[in-house]
Amino acid sequence: MVAKQFYFLCALLCLVTAKKMPAHFVDTWNTMVAPFRRECAVDLDIDIETAKNLFATAHLINDRNYHCYARCIYTKLKMISLEGVFNPKVIVEKIPFFSKALIAKCIAATEDEYDTCTKSYIISKCIIKHVAVD
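Position in the sequence shown (from 1) plus 266 gives the number in the working numbering.
Okay, the calculated beta carbon distance ranges per label pair:
no., residue 1, residue 2, range
1, Leu348, Ala375, 19 to 29 angstroms
2, Asp400, Phe363, 10 to 20 angstroms
3, Val356, Lys395, 15 to 25 angstroms
4, Ala289, Asp378, 26 to 36 angstroms
5, Thr294, Ala367, 16 to 26 angstroms
6, Pro354, Asp381, 14 to 24 angstroms
7, Ala367, Asp311, 33 to 43 angstroms
8, Val399, Lys366, 14 to 24 angstroms
9, Tyr380, His290, 27 to 37 angstroms
10, Val308, Ala367, 28 to 38 angstroms
Straight-line distance between alpha carbons at most 30 angstroms, and here's what the computed DSS-like set of lysine-lysine pairs gives:
no., residue 1, residue 2
11, Lys395, Lys355
12, Lys395, Lys344
13, Lys285, Lys366
14, Lys285, Lys318
15, Lys342, Lys391
16, Lys355, Lys366
17, Lys318, Lys286
Hints are computed from structural coordinates only; laboratory data are not their basis. Virtual Cβ for every residue (Gly too), placed ideally from N, Cα, C.
Could you build the full structure based on these sequences and the hints that come with them?
Written as structure tokens, this is what we have:
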């Protein structure tokens, strides 16, 4: 319980001090993941409010459960296969304001990683790095 509160406070702090994802991304993302958020968060013992704000705050928590939460969401959205292969066509179709070049670059950043949770964290970090605004 203390860990959940700590992560929630970290997410709130990021809301005040860090970069943020553009509003149109957050709206699109939250609409897409809403049907899966609770299932992925509960399965991994993640606070639902923290999970909801991860991408909005442009801050990912470097913790295995949060890496696997990203993988769970990407899998449910069919953006990554169970074997850990990203589908750039699906990603760009679902989030059309991401360029094919950005997605290709971020997928390439995961090439040396075999763990699907870690791959999901790496691609998320890459996307946030290139899309977040002050």
